[in-house]
Structure formats: C-alpha cells, structure tokens
Amino acid sequence: MTVLSHYSALALARRALFGTSWARAWRKPEPRKTYDVVIVGGGGHGLATAYYLASRHGISNVAVLERGYLGSGNVGRNTTLVRSNYQMPGNTEFFEHSLQLWEGLSHELNFNVMLSQRGQLVLAHGPVQLDVLARKGNTMRLNGIGCELFDRSDVQRFLPFLDYSTHCRFPIYGGLFQPRAGTVRHDAVAWGYARAADRLGVDIIENCEVSGFLRDGDAVSGVETNRGRIQAGRTLISVAGHSSHVARLAGLRLPIESHLLQAFVTEPVKPFLDCVVSFGAELFYISQSDKGGMVFGGHIDGFNSYTQRGQFPKASTVAECAVALIPGMSRLRLLRHWAGIQDMTPDGSPFMGRTPIKNLYLNGGWCYQGFKATPAAGWCMAHTLAHGEEHPLIRHLAIDRFERGNGSDEYGLGLWTYKQ
Amino acid sequence: MLRIPCPHCGLRDYTEFLYAGDATKQRPAHGSSEWRAWYEHVFLFDNPKGAHLEYWQHVQGCRQWLVLERDTSTNAVGRAWLARQGARS
Amino acid sequence: MGESRSALENYRTHPGMDGADGRRLLKIGELAGTSLLQVGVYTGGAVRVAAAVLPLLGELPDSSVRAAVASGRLIMRIAADQYWVVGGAADLAARLREAIPAEAGCITSLEGARTRLFIEGQAARAVLNRLIAVDLDPAIFPVHGFAQTGIHHVGGLLLKVAEDRYEFFALRTFALSTWEVLLDAARPFGYQIALPENKT
Amino acid sequence: MTLGTTRLSIGGRINRERALAFRFEGRSLSAYQGDTLASALLANDVHLIGRSFKYHRPRGFMSSGVEEPNALLTLGSGARRTPNVPATTAELYEGLICERQNAWPSVEFDLMSITGRLASVFEAGFYYKTFMGPRRGSWMFYERFIRRAAGLGSATHLADPDRYDTRHAFTDVLIIGSGPAGLAAARAAGRSGCRVTLLEQDFLLGGSLLTASTESPDEDLRRSLEADVASLPNVEILRRTTAIGVYDGLTVVWVERRESARPDPAKGEAREILVTCRARAIVHAEGALERPLIFGNNDLPGILLASAVRTYLNRYALRLGKHILIATNNDSAWATGIDLAATGARVTLADERPTANASLLESARRAGIEVRMATQLGQARGTRAVRGAWLRTEGAAAQWLACDLIAMSGGWSPTVHLTSHTGVRPVYDNIIGAMVPGPWPAGVSGAGAVAGAREDLLAHGHKVGSGAARSVGASGDAGDPIPGSPWTMGWAQPVQNRAKARSKAFVDFQNDVTTNDVVLAYEEGYESLEHLKRYTTLGMGTDQGKTSNLAAAQLMAELRGSDLGASGATTYRPPYTPVSVGALAGRSIGAHFRPTRRTPLHDWHVANGATMIEAGPWLRPWFYAWAGGEAATAYLAEMKLVRGGVGISDTSSLGKIDVQGPDAAEFLDRIYVNHFASLPVGKARYGVMLNDDGIVLDDGTTSRFSEFCYFLTTTTAQAGEVMSRLEFLLQTAWTDLRVQVLSVTDRWAGMSVAGPLSRRALTLALPGIDLSNEALPHMGVSEHVSDGMPVRVLRLSFSGELAYEIYVPADRGTAMWEMILKRASPLGIKPYGLEALASLRIEKGHVAGLELDHRNTLADLGLAKMASQKKAFVGRELKERAELTAPERWSLVGLECLDTTARLRGGAILFAKEDPIRGHGRGYITSVMYSTVLKKSIALALYRGGLTHRGEEIVCASPLRGEQVRARIVSPMFIDASGERLHG
Ligand SMILES: Cc1cc2nc3c(=O)[nH]c(=O)nc-3n(C[C@H](O)[C@H](O)[C@H](O)COP(=O)(O)OP(=O)(O)OC[C@H]3O[C@@H](n4cnc5c(N)ncnc54)[C@H](O)[C@@H]3O)c2cc1C
Ligand SMILES: NC(=O)c1ccc[n+]([C@@H]2O[C@H](COP(=O)([O-])OP(=O)(O)OC[C@H]3O[C@@H](n4cnc5c(N)ncnc54)[C@H](O)[C@@H]3O)[C@@H](O)[C@H]2O)c1
Ligand SMILES: Cc1cc2nc3c(=O)[nH]c(=O)nc-3n(C[C@H](O)[C@H](O)[C@H](O)COP(=O)(O)O)c2cc1C
Ligand SMILES: [Zn+2]
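In order, the protein sequence lines correspond to chains A, B, C and D.
Residue numbers for the first sequence follow the numbering used here, so the first one is 1 and each next one is one higher.
Residue numbers for the second sequence follow the numbering used here, so the first one is 421 and each next one is one higher.
Residue numbers for the third sequence follow the numbering used here, so the first one is 510 and each next one is one higher.
Residue numbers for the fourth sequence follow the numbering used here, so the first one is 710 and each next one is one higher.
Note that these hints are calculated values from the structure, not bench results.
In this text, a Cβ means the ideal position worked out from N, Cα and C, and glycines have one as well.
The reader is advised that the hints may include incorrect statements.
[Claimed, not checked] Computed beta-carbon distance windows for the label pairs:
hint : chain 1 : residue 1 : chain 2 : residue 2 : range
1    : A       : G228      : D       : R1627     : 48 to 54 Å
2    : A       : D400      : C       : R557      : 26 to 32 Å
3    : C       : A579      : D       : S1184     : 54 to 60 Å
4    : D       : M1682     : A       : H107      : 35 to 41 Å
5    : A       : L200      : D       : G846      : 41 to 47 Å
6    : D       : T1342     : A       : R152      : 48 to 54 Å
[What the hints assert, rightly or not] Going by beta-carbon spacing under 8 Å, a handful of chain B positions derived as facing chain A:
hint : residue
7    : L431
8    : T444
9    : H461
10   : T492
11   : V497
[What the hints assert, rightly or not] Straight-line Cα separation of at most 27 Å, DSSO-like style, residue types lysine-lysine; simulated pairs:
hint : chain 1 : residue 1 : chain 2 : residue 2
12   : A       : K33       : B       : K445
13   : D       : K1645     : D       : K1392
14   : D       : K763      : A       : K270
15   : D       : K1213     : D       : K1392
16   : A       : K28       : D       : K1574
17   : D       : K1031     : D       : K763
18   : D       : K1539     : D       : K1645
19   : D       : K838      : D       : K1213
20   : A       : K270      : A       : K291
21   : D       : K1622     : D       : K1539
22   : D       : K1392     : D       : K1644
23   : D       : K1349     : D       : K1531
24   : D       : K838      : D       : K763
25   : D       : K1213     : B       : K445
26   : A       : K291      : D       : K1031
27   : D       : K1579     : A       : K291
28   : D       : K976      : C       : K536
29   : D       : K1349     : A       : K270
30   : D       : K1349     : D       : K1539
31   : A       : K291      : D       : K763
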C-alpha cells in the first residue's frame, strides 16, 4: 500500500476516501558510527541547523542527538512570540532575517507551522518609555521593517479592553506596533524541521544523551552518548538551558547561567485578543492561542536551576500583570503552568559560532528570545558549520565578545539582568 | 517555594531575597590588575547541575548577604550562613 | 514651626469602617512621634560598642527575632551588626553618640524614616497573614517577637507587642501604600481607625 | 428511549426543606440546597449539556466531580460571566445563572456538528498538513475560521466586580482530601497533638464515602470520623478548598471558594482566597479517579461513570435511568448496580472478567441483577441519548441490549497529579493496573487510594497520619484506628486492546481524541506519550486528561508492544483544577498592582496643582498648574522661573545612603572612579561608579559631614541596586573595612532651591544660616538646626544655576517646604516639576535617564577624565577592554536644531549629512527639550565619534513621524560652560 508523504488538502482527502496511511514524520534510526556533523540537542535550533545543512549546503550526513523526546526542551515550552523589533546593530538584521524565514517556512517544510502574523504591541507607560520605543521604531523603519507608534487613543481604539481607568497604577501612554510580528505553533516547528531534515537524510536520534566528548589532540572528534560513541567531523552544541553543562563536558566555561522561565495558559475561550501585547510596566506578554487559551509569561524565577519547574510566586506576579493590563482576565482560569530552563547571559544576547576548541561549535545563551530566532539561528549555524567560519549575521554574537568588551545589550538592563 | 534559612531571621520565602550567583568564585583582590582574573570572575560561571553555593541577600529582611547551599537539579536547600564568614563554612 | 507630619496625616482621618455585619473586630492606627535610632557596629567593634552602650541601654540582645524590652525602650538586633533602639529619652541619641567610640560604631537617627502602624484585635493575626509570610502562631511568634519581612512587595518590620496587638514599621515613603493594603485586608473583618496615638 | 431522571422522595444528602431557584438559559428552575449544578440540572431533566470541542457531538454528564470533561457551562452574566465551569463542581446557590456554550446556533441544534460528519478529514493534526496555500501568508486567511471555532465559552471584557484575596498559612501536617483515608489521617495526626490542616475541595467531607447510601453503615462511619476530627481544636478543616499545586519546600497552594455564600465585594469579601501554605509534612489523600471504558460512541449522553451514577443516586437522590447497563472491568461498579436495583430499576451488569468473587455474585443475584461475565460493551447506540448497546460475550454472538443509562467503570487511577508537581514521576503498578506516586520525598506521604493502597483504608490513613505527626515531633497518642472498615479499593486490571473501533470511541472526551487518533499518531511516529499529547491535544483540555491519560498510555503501549512502565506518564503540572487568574492576583490589582512610593511632600504637591507622574515606584510632580495645563508647555514656564528667578523642586526620591566609619573614605575611594579620600569635611563631590564590567552604574554626589560620616546620593532609578551592591562588597569582599552603610532615603526630605535668586530666597527662609560664598562656596555643605529641626544644606546644582539642596527629616519636609515658599514669596518663588528638572539639566549637559542606560562607558558620557589614574576602583580593569576604548564609540554630544520651526525628537536616529538615510545611523537622540535661553530645540545624543564631530551638520531621522530634521553637533553644555552661574 502506498503511503502519503507529501502534505496537502488533496492528500487529506485521499486519505479520508481511501484510508491511505501517512508516512512516519521522521524515521527512528540507530546511530551510525560516524557523521560529518553531529548536532547535540533536538530543539528548534539543532533541527533547523540540520535542515539547512542538508538543504542549503548539501551536507546530509548529519545526526541530531536528543536526550529526551524531540522538542522536549524550550522549543516545546515557550510562549511562541516571533518578532523583529530590535534596535542594536546586528540584532535588527538577524531577527528580521529570521522573520523572513518564518514567513516562508510552512511552504519550505511542507508542514504548516501556523505562523500567525497578528502583530505585537509593546506598551509604554510614560513619555520616556515612549522615546525608547521611538528609537526602536525609527531603527526598524530605517531597516525596512514596518511599525507604527501608537499614542494612548490609538491603543484604546485598537485594544478597548485594556485598563484605561483612573485608578490604573501604570497608565498607558502609547506603544509600538509591529504588524508582521506574531506567533507560531511551537511544536510544529520541531516536527516540521525534523520531518524535512529526515527526508534529506539527516538522522534524528531521540533518547540519546551526550555525556562526553571524544578528543583528537586539541580538537573534538565526536561525542560519547548513552547509545555509544559517535564520531563527527564537526560538533555543534545546541542545547539551550543545558549549554553550560554540556560545554563543561568539553572543558569550556561559559558566561551562562541556567534559569527557570515559566509560561502560563488559561482555559480556552472564544478569541478576543487578536495580537500579542507586551506590558511596559513589568516584563509580561500575552497572546491567545488558536485553541483559545490565553498564553502568557513574565520574568525568570530569579535563581539558577535545572529543575524545569517553576516557583509559585511567579504565577501570582504574572496574574497581577494580566489583570492590571486586561481587567477581564480576572475571571478566566489558569489551566496550567510550566517552566523551561533558560540559558541566561550577561547581556541578554546569545553566543553563536566557533569555540576555542577546534571543531566544536556553540549556539546557546538565547535567554528570552531563542524561539523567534530559530530559523535564522539554524540558517547561520549551518553556514558556520559548513564553512568553518561565522555567517556575517552572527559576527556580533561571538563567544569571546566579553573579552573584547563588545556586549550586545539590547534592552539596556546591564550586567546579569536577574540581579535587577 | 524555595525556603531559605536566613541565619539571622529564620526560614523565609525566597521572594524576600535577591539572588546573586555563584559564591565560590574568588573575587580578585581590590586593586588587582590581573585582567584575566577579573574577566573570569565577572563573566564565567560553572553553573553546575547539582551542588551549588550561592549568594543571596535578605533584601526585605535583615539585608544580610548569605551563602546558601542548594542543589540546582532538585532545588533542595541545605545550610545558609552569613557571607562575611566566607564562601565555605 | 518645623511641625512634624505623618505620611498618613490626610488619610487616617476616615471614620471607622464597618465590617461585614457592622462588626469592628479591629483597631488600626498609627503611633506618631516615635524616636528610632540605629546603632551600627564596625568590624571588630562589637565588644567596645557593647561596653559603651551598657550604661545607657543595658545589654544588647543576642536574639535577632526577639526584642529586648526595658524601661519603655525596645532594642532589636536587626542585623549581625545593627540594632534598633525604639523609644527613650530625647537626648538618648546625643548620649549614645558621645558614648560610642568613633572607631567602633555609629548612631543614625531614623526618626521620621519609618511609619509605625499598629493593628489590634482578635483578627489581627488573620489580617496580617493575608499580607505577611511569617508564622504568627503564638507558640512560634511570642509577644516581643519581631520579624523583618515583606508586606505587599516592600520590606518592613513586624513587632508583636501583646497578644492580639502588632506593630509594623513601614518605610515612610511606602507608608500610605502599606496603610491602604492593610485596611484593604482588614475590611472583611471590620475595623475602626484609632485616633493618632503619641508614643515616645 | 429518552433519558428519564427520577428525584427520589427520600434519601440523599440534599436539604428538601430548602429549595433554591436558579436560571438556566433564561429558564427558571429549582433544586435543593446540597445540589451541585449538575445534579440540579439532571433533576430538571437537562441531559444534553454541551457540544464537544471539535466534532460538536452532543454530550451529557460523564461524572459527578472535577474530572468532568463535558459538562462545562458559563456561569454568571455581564462582568461576572465565567466560562467553562464544570457543572459537577459548582455548588448550587440561590440565583445562580448559567448557560451552555460552544454551539451555534444552539446546543440542541448545532450547525457546527458538520465537522463530525467530516471527521475523517478533521483527524488529529490535520491542520499541520494543509492550509498552506496558495500563497505564503495563506494561513492568515484560514486561521480566521479556525479561530472562530476555537475556544469553549466566551470571556467577559469587563473588569471583575468581585474581590479576591491571598493568605499565608503555616501548619505541621497538611492533609489533602477528606475521604476515609484523609479523615483517618487527620484524626490520628490531630490526636498526636500537632497543628493539622485538612483540605477538601467538596462542600461535604467524606470523599468516596459520600457515594454510599445515607442508610448504609458507611454513613455512620463518615459521621463518626467527621465528628472525631471536628472535635480536635488543633485540626483546621477547610471545605470548598482545592489544593491546586505542590511546590518546593513543602509548600502547598490552595484556593478557598466562597462564591456559594454570595460574598459582597463592597464589604471587602472575597470570592476566592488563594492560600500559600508552608507545611512541615504533607499527607496526600486525594483518592482515585474512575476511568471510562473505551467503546464505540462511548460519549453519548446517558453514559456515565459508575461511581457518578451511584453518587447521583445516593448523594443527590437522583436515579438517572430505568433500564440500566453496568459495564465494568472491576468490582467497584457492582455496588452501583446493587444500589440501583434496590430502587426498582432493571439492571444488567456486564463484566469483562471471566469470573467474580462469590459474595459479589451472590449479592447481585439477591438484588435481582442480571450478570453477564466475560462480556464486553462493544458499541453504544443512540443519537442524542443512549438507546442501547451491543454486548459481546466471549464465544457468543453480539447481543443488543436496550437501555437508557450506561454506568461504566474502566478501573481506578490514583490521583497522582499533586504528588507529581514537584517532579516525582508516577510509576506504573501492574498489580493495580494504574500509575501510583513515585518515591515519596522527605516530608511527604500518601494515604489511601492515592497511594495505591490495597489494605484497609482507614488503617492505612491512621498509620500514615500518625507517622506524619511523629515526623514533625508530635508525641501525643494517636489512639487506635477505627475498626472494621468495609473500605478497600476495587482495583482493576488494565483494559484490553480496543484500537481501531469502527464508530468513534473516545479516549479524551473534551478534546475529541478517539482511539483512531491515537493509532494515527502512532503510525506517523508521534509515539512518545508527550508527542501523542501534543499531536492530538489529548489531555490538554480543562480537565487535563483526568479520565483519559492512562487509557491513552495503555493504548499506545499496546501499539508499541511495550509495557506501560517504560512509557511512563506525561508531566502533571499545576493547577490541579483551573484557578481564577483573579485569585492568583489577589489584591495586587488596580491601584494596588504595585506599591506606590510617595515623597514626604506628596500631599502638598497634589493639593497645590501638581500633575503627578510615575517614576518607577515613585509618584513625582511632573509639572504644576501655575505653569500651564500640560507638560509640553508648563515646563517652559517653570524653567524660565529657575533661569531668571528662583524655583523649588522636590528631590526626595534620590537614593540617600549614610556611609560611616573609620574606613569610609577608603570605601568611597574604591567604589567611585574618582578620588574621595581627599574630600574635606564640609564639601561635596560628584562621583561616578562603575559596575564590575566597567560600564557606568550610577552617579551622584557624596558629601562629607564629619571625619567618618558621608552622605551619598544615587539616582532615583538605581537607588536599590546601588545599596545592595555596596552591602555586597562590604559583606563579601571587603569585610575588613570598618564601614556601615544605611539607606536614609526615607529619613530625609530633599528639595532643591535653584535660580539666581536662590541664595536670597534661602536667606529669607533660613535666617540663621550663613549662605555667603565664603561660608558655603559651590560644593560646600553644612549642617544646622533651624526652626527646631536638623537641616542639611548642600550647595549643589543640577540645573546649572546657583542652587541649594536642603534636607530635613522626612516628617518635617512639608513644614520646611512651606516655610521656604512663604518666606521667599516676595521673590516670586514657585515649585517646578520633573519635566523642568530634567530639561534644566539637559541644557547644562548633565547626563541622566536615557544616557545612563547600562551600555555606556565613562568616555561615552564625556566623563573619562574623572577616572583616577592613581588608585584602584571597581570596574577599572574591565573598562579597558578593547571595544570599550575604541575611538568610534557612540558618545555624548549636544545637538541644536537648525530649523527653528522644527523640533528634535527623542529616539530620532542620527546620520551624517552625506549618509544615505537607512540602517542604524551614527547614533540617536536620548533627551530633548526646547531651550528658552537659546530659543531652539536642543538635545543630548550619543553619536559615533562624539565631539570630534563638533560643528558638523547632521540629519535626525524620525521615520515614525515622517520627519527629517537638521541639527548641529555642539557641546552638550549648552549654557554657562564656564560655570559662572554656579559660583555667583
Ligand atoms: C517559558 C518560555 C517562554 C519563552 N518564550 C519565548 C518567546 O515568546 N519567543 C522567543 O523567541 N523565545 C522564547 N523563549 C526562548 C526559546 O524557547 C528558546 O530560546 C529556544 O527554544 C532555544 O532553542 P532550542 O529550541 O534549540 O532549545 P531546546 O528546545 O531547549 O533544545 C535543546 C535540546 O537539547 C537537548 N539536550 C540537552 N542536553 C543534551 C545532551 N546532553 N544530549 C542530547 N541532547 C541534549 C534538550 O533535551 C533539548 O531538547 C521562551 C523560553 C521559555 C522557557
Ligand atoms: N464504589 C466503590 O467501591 C469505590 C470506588 C472508588 C473508591 N472507593 C473507596 O474509596 C476509598 C478511597 O478513599 P480515599 O480516602 O483514598 O479517597 P477518596 O476518593 O474517598 O477521597 C479523596 C478526597 O480528596 C478530595 N480531593 C482530591 N483532590 C483534592 C485536592 N486537590 N484538593 C482538595 N481535595 C481533594 C476529593 O474531593 C475526595 O473527597 C477506598 O476505600 C475505596 O475502596 C470505593
Ligand atoms: C503555546 C503553548 C500553549 C499551550 N496550551 C496548552 C493547553 O491548551 N493545554 C494544556 O494542557 N497545555 C498547554 N500547553 C502546555 C503543555 O501542556 C506543556 O505543559 C508544555 O509544553 C511543557 O511541557 P511539560 O509540562 O510536559 O514539561 C501549552 C504550551 C505552550 C507552549
Ligand atoms: Zn534575614
């Protein structure tokens, strides 16, 4: 019996009529002894890297090693916000490149990742904050990225159910709106990249934990795993919250601490919030999923931990923000909250590129922003792995930037934002 | 809820405290011009999965800086002592 | 001239507020005009400071959760090297300053820097536990027990002065905010606002 | 056959004396106190309660508790509209309003049920495979329709009129659940003499004991247990209270619901109270949840869990059918049959097992039940209600059985949700055929069904309760367990393979996941349970899969040919049942969202025409009514006053720190980049501190009032961070320094008196104080007692004018402020606000606010010369990193607008004249103002290469406003570069 492997409405109809089976989304191969490239970490970034290596650089003798199930890390637990409203040189270009890749991704992968460009509105609660947003908006416009500066009345017309009352603690002054920002169905990103990479010959190996690195002189020549040794020409660490842990297996210390970030979802209700809103008084952002749940998040819990579960007080903090912003939220009910292990860096920006160890590459330190970066991170890391030299879009994210004094502090929060 | 045994005030919610990272890192002596040591002190972290000694300040309480033993893989909390007694005690 | 004003001056004049069934289970108010001194001890100065203040304050307490009470004064050890002296003669600050060797310790007046609130009544503990994460069970938090802790996101000091009567030392600039949440928490129990009580 | 419910005239735990009226979709109905909304609706013959999420299939009640997947209603109306409330958990109260949801145009006739007919297209995950064309953005088109179908009930857009509260609790032994095990545990722990708290989500105590008839011995047991526990003063019993989460540190969060008591928000009464409890020991006694059986059309109205049917009968006196089929794979459902038969119903019992124990068979026979062993329910039939079922007995042909009610039991699953919250994974117990809690962490134990206990539950509860009490040091005598308990769990064997049913057999009822979907997920490779969940949405509904998770796991294990022990369970996360966002927020909403910090002069400002503005936690006067009606113009008048006469402003929000001690000078020398040891008594100095990484952390002035006593000020924004930093250094690194730091921000009210007439003004106001240049030169400071209050006078200027900062104790602030205004009124003194304050400093080129944004070096801010070459200071080494000393960094410049009619704009991007206007430019504008002195718009900006470009003409682009304005780079010190005004 034939199986359907290309996705389309027609294929769905064929299956409905004839009961044809779908092909497996990705194989479950046994690891081979050696690969050109081994990617540690089956999150969005690792999978995207594998896909672009195979599709753009012709390197398909690649393995992605994932210690749990595919997408068990932050790609499967984030608040799904994608946007390109960045102002620091380097960041603007990188995240805009990423957004453009998102815009073609469902087609590219033949997998609907449900990019919903419903826009993001970042609020300002004072004139100075509005100036900060103006700088960002002007930079975006000057880089060809559309956005609008809203004043209070614009915001009120746009989102009439926010708190405009006189007893509101932090009144809304205005905001910056990026219409092309939005959300993506997070799990689909992992599955879509995995399926597409698999089709091109990439081995995706789940339940395979890297526990050490093989050395050949001063170079890394592969990895030690619970499923045996695997040789590799080049090895990429792309393990998000576990970056320090895995890098230390190779003898590297990084400017990264692992912190918990929680996310929250309410029971599904009929759609009423048609864009992503970010509060300006405190770190808090909210959107409504296609299923109807209000998805929101805030600040990290505030101490390093690998437990992948949050502390309760953050649930109160974000609920306070939710009600402060949208008073009607009070009567909705929280359905679930969970946490991810987030790789925090001193300046809030990631590290991408070569490491001091030969043939070992790093992509980590994504803090709050790695999901939106997924396609561009994969794109640029694939280039970097293929050429042995950093893609121009990530030169400002080099691992040694703090030695050179070249931090990339997008939000001006200063050293180690958790200390605020 | 992490509960931190402040040696001064007793067992309290972690929300009364401010976390400030690894306490085992040796701050170079004041005036040291060992550039590398400063760089490593400020920027490089072991960030271990497991036993950790870390700084917390009881900001809403006695304002003392503490060193706390905690396991980052379970969040299990051990002893705490005043930071002025040194990172190991 | 130079009249002292409370942070709550224009806010505690509300008439007593009734609770659910006209109950007024609580009395809430402010103790104005408290003198408050902080004694700081420098590294290595503990013995000398203790000796210097002995004639004026008696022995400094060891406990950091229980206040020492003597001759109308409260002394609280608020940190390893810091004490609060609440109340006492008007010239206490000057006399302490004179007594404490400058190399060993220092005195700072915090008069006016804290707003001293009180809440009294059977429901006081219940109201406080709506705001404060400290176990107020009498077996654990006895009379003259104190705790520095957070109330509505801000630090302050809670002192138990009698069964069913507590005081809270709020930062002056947050005092009105603290006052408002305290009344808010007390509402379902019913309270009445006491006229300002003067206490030194 | 239609469903026919009979409310029996006797029995049950309802109060027939007290009828309650409620409204259901506009209809007035009535039921009794003691009813839930579910039993009330059933008593009124409402069976069709909703439509399923995806296929819009008609659904009735499945359960009588929190596991309910179907019967979700919208309660309340207007601002109190609350969607998705399970009718089975809502306690009925007088005046309750409710309606069904998620159907169009109505639940009775739902057009959306078309999706059910197209079900083979709308299989799990179909949307990943389509809606991608024809163009790239096409999903945005389809999404509108998908979204319309999403959601269950609809939310209100209005602010919630109800109140919520939070509370902190402490206890020794916390017991969750008041079933026989929980009650026995509470009785034992309570008798042992420690503080005990018992939580029960229901409004009655007893748990599964409530399923038994009020005439049975179980009721006597329940009453005596309850009475025992209630008689212990050290035991707190909380009903209507759900433990929603267990967190680290033996913390349990629960929510107390008071809605049924109609709390009055006007009296401050809360609808719900959220409690964070720190326990010393936790006893789980949440019991077990019954699982449905999986068979074709198992979602028809009239098919309920067997325990629910029994609960409706014995607790609510509702017999839900007359011709009843009991379908089970375990003992527990037999009791349902026996109790029903006693009411005269015709009961057929189909048990999958080949045999049952003799005493069960005997009691069934005596009750007149027709028992069919080795019989499976193959498929149910009916349209809007069950009509009958096909039964398959081993070795016989399928047989049709007409019935109007099916009571099913697929076995029991211990309620392992809460026990899993702290990361303890449940493990599979193949003897009881279910997941049981993983190893108990220290301080945690489990009693009764939740622990998978097979022994007598009362004895078990007793043992666990007294053990928990002992573990916290209680030494009282727990006494003996209540003897002769009839209660042991009727655990069941795992269900058989039911994959590939012909008609839909539901695994997850709320999210419409069928056995076919599970098979599909398996075939496509989504075979890990976590993938299955995410691909099919199984277990992701409002019920969080309470009735579906285990069955799905069993199915998947069968498909994979693996055992359940290996595949485990998906992760249970809080909350156990959904909790209002309002309860989580408590009182921290509206004006109390965050505390408000007010200066000692706050009331004066408000009473005297100030418009206040938020500055972090502070409220500060922005501008005053005397100067105009809005900030944009008022600040000009206020500035003019300061430049030409004298004004007064409130500076109390600055961070203020007393630094004292023999080593204070050394300490200041270390934290500031510039010298402080050399500062003489009676003088102040401007200082800048760096973070360890060499980036500017903060600036401010420090005054020396005596040999060992300094007064340090910080910016308003950084006060807290600087204070913590100083304490950190003293307590961790420099413990040998004899220094005390103390925040005195709240101790002093600060006010700045500024302008050419300021000295005259203060001479009038403070006649006893010598303010002459000799006595108090620029940067001089002095302490006085004036008008009976301590006064600190600092001759400092932020505005660039002759100016003084006056500090008096906070409680005297208003007195001093009023005195200055009064005594200096002949000079025309008036207050000025934050906007003018911030603008005056721009004119003078002082950095603040957006210039100090944690990205800049000393050199960037034109302060490089301040750094001492002779001494060490925090940040000295790392500030020398290559990129931080590069010549082309963005650094501080002044800008003058060249176009007199135009304005410079904050956030404008700067370009050299010859640059194309795109990209990131060469810098940006940080702060702007209109200079009344220069009669033009001016700004501070950061510009690549900084003042090396002085005099150049540049372009300031604000594409957001469609503006490009020309400006010239000038010194940031726009006025009085030589400082004459200061020294005057
Ligand atoms: C709650 C939350 C909300 C967020 N919200 C957003 C948002 O709205 N927008 C946004 O842009 N970003 C957001 N982020 C950040 C974003 O999710 C991450 O930065 C991003 O997903 C990280 O890249 P990744 O997908 O490759 O990581 P992951 O998905 O975490 O992938 C890393 C993988 O490595 C595996 N791994 C670890 N150690 C080993 C080992 N030794 N061997 C083999 N495999 C290993 C892990 O199991 C994991 O699957 C959020 C993060 C969290 C936690
Ligand atoms: N019909 C039967 O034969 C049958 C069926 C099932 C169980 N049982 C019997 O029930 C007994 C089980 O007793 P048990 O005491 O272990 O459990 P139980 O089910 O009797 O009691 C558990 C209680 O915990 C409460 N609860 C659960 N989660 C909660 C939460 N998060 N917050 C607050 N309350 C919560 C429930 O409302 C319930 O009242 C066994 O003896 C068993 O034989 C009998
Ligand atoms: C954007 C988003 C929406 C979610 N919506 C739901 C939901 O509607 N129901 C649900 O049960 N879980 C939802 N989850 C949470 C997942 O169930 C799960 O908690 C999360 O992926 C983390 O995995 P874990 O809890 O297994 O560790 C959502 C997660 C994300 C990232
Ligand atoms: Zn403390």
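Hint check:
{"no.": "1", "hint": "A:G228 to D:R1627: 48 to 54 Å", "in the structure": "holds (53 Å)"}
{"no.": "2", "hint": "A:D400 to C:R557: 26 to 32 Å", "in the structure": "violated (51 Å)"}
{"no.": "3", "hint": "C:A579 to D:S1184: 54 to 60 Å", "in the structure": "violated (36 Å)"}
{"no.": "4", "hint": "D:M1682 to A:H107: 35 to 41 Å", "in the structure": "violated (57 Å)"}
{"no.": "5", "hint": "A:L200 to D:G846: 41 to 47 Å", "in the structure": "violated (26 Å)"}
{"no.": "6", "hint": "D:T1342 to A:R152: 48 to 54 Å", "in the structure": "violated (19 Å)"}
{"no.": "7", "hint": "L431", "in the structure": "violated (15 Å)"}
{"no.": "8", "hint": "T444", "in the structure": "violated (13 Å)"}
{"no.": "9", "hint": "H461", "in the structure": "violated (11 Å)"}
{"no.": "10", "hint": "T492", "in the structure": "holds (5 Å)"}
{"no.": "11", "hint": "V497", "in the structure": "violated (11 Å)"}
{"no.": "12", "hint": "A:K33 to B:K445", "in the structure": "violated (40 Å)"}
{"no.": "13", "hint": "D:K1645 to D:K1392", "in the structure": "violated (36 Å)"}
{"no.": "14", "hint": "D:K763 to A:K270", "in the structure": "holds (14 Å)"}
{"no.": "15", "hint": "D:K1213 to D:K1392", "in the structure": "violated (86 Å)"}
{"no.": "16", "hint": "A:K28 to D:K1574", "in the structure": "violated (64 Å)"}
{"no.": "17", "hint": "D:K1031 to D:K763", "in the structure": "violated (32 Å)"}
{"no.": "18", "hint": "D:K1539 to D:K1645", "in the structure": "holds (24 Å)"}
{"no.": "19", "hint": "D:K838 to D:K1213", "in the structure": "holds (22 Å)"}
{"no.": "20", "hint": "A:K270 to A:K291", "in the structure": "holds (9 Å)"}
{"no.": "21", "hint": "D:K1622 to D:K1539", "in the structure": "violated (43 Å)"}
{"no.": "22", "hint": "D:K1392 to D:K1644", "in the structure": "violated (35 Å)"}
{"no.": "23", "hint": "D:K1349 to D:K1531", "in the structure": "holds (20 Å)"}
{"no.": "24", "hint": "D:K838 to D:K763", "in the structure": "holds (17 Å)"}
{"no.": "25", "hint": "D:K1213 to B:K445", "in the structure": "violated (62 Å)"}
{"no.": "26", "hint": "A:K291 to D:K1031", "in the structure": "violated (39 Å)"}
{"no.": "27", "hint": "D:K1579 to A:K291", "in the structure": "violated (64 Å)"}
{"no.": "28", "hint": "D:K976 to C:K536", "in the structure": "holds (17 Å)"}
{"no.": "29", "hint": "D:K1349 to A:K270", "in the structure": "violated (55 Å)"}
{"no.": "30", "hint": "D:K1349 to D:K1539", "in the structure": "holds (11 Å)"}
{"no.": "31", "hint": "A:K291 to D:K763", "in the structure": "holds (10 Å)"}
Comparing the model with each earlier hint shows violations of hints 2, 3, 4, 5, 6, 7, 8, 9, 11, 12, 13, 15, 16, 17, 21, 22, 25, 26, 27 and 29; every other hint is respected.
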